[in-house]
Amino acid sequence: MRYLMSPGDRTFEAFLGDMRNFTDPGYLESVKRIPRDSVRSMEYLITHSLDNNNRNSEKSVLTRRGWTFISTTIGVLYTGSAALSPLVKIRQDEVANGSLSGGPKAAFPPENPLTLGWLDCQSSFGPGNSNPNPNILTEQRAFFRFFGESASIETQARLAAADASARTVYILVTGWEVRNG
Amino acid sequence: MNKIFTTQAEAANYCRQLMEGQKHQRQFDFVRRITIQHGVASTDEVNLPSEGAFEQVGYNIQYTTQQDGTAPFFVRFKSQGDGQGQSNDLLPIQAIATPGAVIAGQTAPRYGFRPFWHFYPKDDRLTIEWDGRQLVEDIVMDIVFTGYVYPDGPKAGA
Numbered sequence: 000m001r002y003l004m005s006p007g008d009r010t011f012e013a014f015l016g017d018m019r020n021f022t023d024p025g026y027l028e029s030v031k032r033i034p035r036d037s038v039r040s041m042e043y044l045i046t047h048s049l050d051n052n053n054r055n056s057e058k059s060v061l062t063r064r065g066w067t068f069i070s071t072t073i074g075v076l077y078t079g080s081a082a083l084s085p086l087v088k089i090r091q092d093e094v095a096n097g098s099l100s101g102g103p104k105a106a107f108p109p110e111n112p113l114t115l116g117w118l119d120c121q122s123s124f125g126p127g128n129s130n131p132n133p134n135i136l137t138e139q140r141a142f143f144r145f146f147g148e149s150a151s152i153e154t155q156a157r158l159a160a161a162d163a164s165a166r167t168v169y170i171l172v173t174g175w176e177v178r179n180g
Numbered sequence: 000m001n002k003i004f005t006t007q008a009e010a011a012n013y014c015r016q017l018m019e020g021q022k023h024q025r026q027f028d029f030v031r032r033i034t035i036q037h038g039v040a041s042t043d044e045v046n047l048p049s050e051g052a053f054e055q056v057g058y059n060i061q062y063t064t065q066q067d068g069t070a071p072f073f074v075r076f077k078s079q080g081d082g083q084g085q086s087n088d089l090l091p092i093q094a095i096a097t098p099g100a101v102i103a104g105q106t107a108p109r110y111g112f113r114p115f116w117h118f119y120p121k122d123d124r125l126t127i128e129w130d131g132r133q134l135v136e137d138i139v140m141d142i143v144f145t146g147y148v149y150p151d152g153p154k155a156g157a
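One line per chain: the protein sequences are A and B, in this order.
Note that numbering that gives the first Met the number 0 numbers the first sequence so that position 141 is 140, with each residue one more than the last.
Note that numbering that gives the first Met the number 0 numbers the second sequence so that position 12 is 11, with each residue one more than the last.
Note that these hints are calculated values from the structure, not bench results.
Please read these numbers as outputs of a predicted model, since none were measured by experiment.
We treat Cβ as the ideally placed atom computed from N, Cα and C, and that holds for glycine.
Be a bit skeptical, because a hint or two may be false.
[As the list claims (entries may be wrong)] Which chain A residues face chain B? A few, computed with CB under 8 Å, are given here: (1) R39; (2) S40; (3) M41; (4) E42; (5) Y43; (6) L44; (7) V60; (8) R63; (9) G74; (10) L76; (11) Y169; (12) L171.
[What the hints assert, rightly or not] If you only want the chain A side, here are some residues facing chain B, beta carbon under 10 Å, derived: (13) V38; (14) T46; (15) L61; (16) T62; (17) T72; (18) V75.
Build the full structure now, drawing on both the sequences and the hints.
Right under this line is the structure:
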């Protein structure tokens, strides 16, 4: 996978292409030039607390200023009985420089929502063990999306109609962040 | 291996270079154990390989549970070079631990590997923030880091 580096920037390309070629004479030089602070894994957690007095919750988190975030997987886990699964929605909004007042938009077009309708946590996300609190997530699933600098990852969670219990829903989006500029 | 050797000498030379290349990079696993104390939120500093820079490609996390089979604790990873951390918040351990069964009061076998890439220059430090305030018993967490160590790799601050 080629990441968003400056054209002609050989450091990361050298890292990906040459790093595991033991016979490459420039190997050691490639190691020394690893842009360790330019590309790395990152993950964002959004937590929703639901109960009978607060059956529907909306939250958002901004991606880091100065970095593009490319999500690769998503996982959802929740507390409480597995008999009734909460539901979630995911939405993206792109804002420039963290401004919510309608200034110039980031390069990526703001497309939302990322999901249509409410997703049942049990059937739409990775399998889990219904035993302890919270239900154990055994896998995340693919969720590929570009989020520009200071983009907003927005999520909604709600209880199923017949559910009167208190639950905490954790939505974890994992991916790569690439330094801008 | 996708090379075709036409002579024995060529093959021997290639093998020699592979062996010598181990001085520059080799696959490396190491495990670190942390006790998550009940009722407490704190941090632990994890020793990284002292031999050189470490390129983490992923990990396996295992942990004991309380007697009722639950393990409501949270962790967050931060390195010296990334003070803001590898996540935006403390994460529930179940969201990042590798799959496995639950055996109340014991460490359940957890198989597999969770990809998570991070580069630690030599002499970098990894801090794990943890929050065990919802626990009523201590929990022991083992993290097996998988990746590559570079004995001649760049140092922190380089």
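- prompt: Among all the numbered hints in the text so far, which are the ones the structure does not match?
  reply: none
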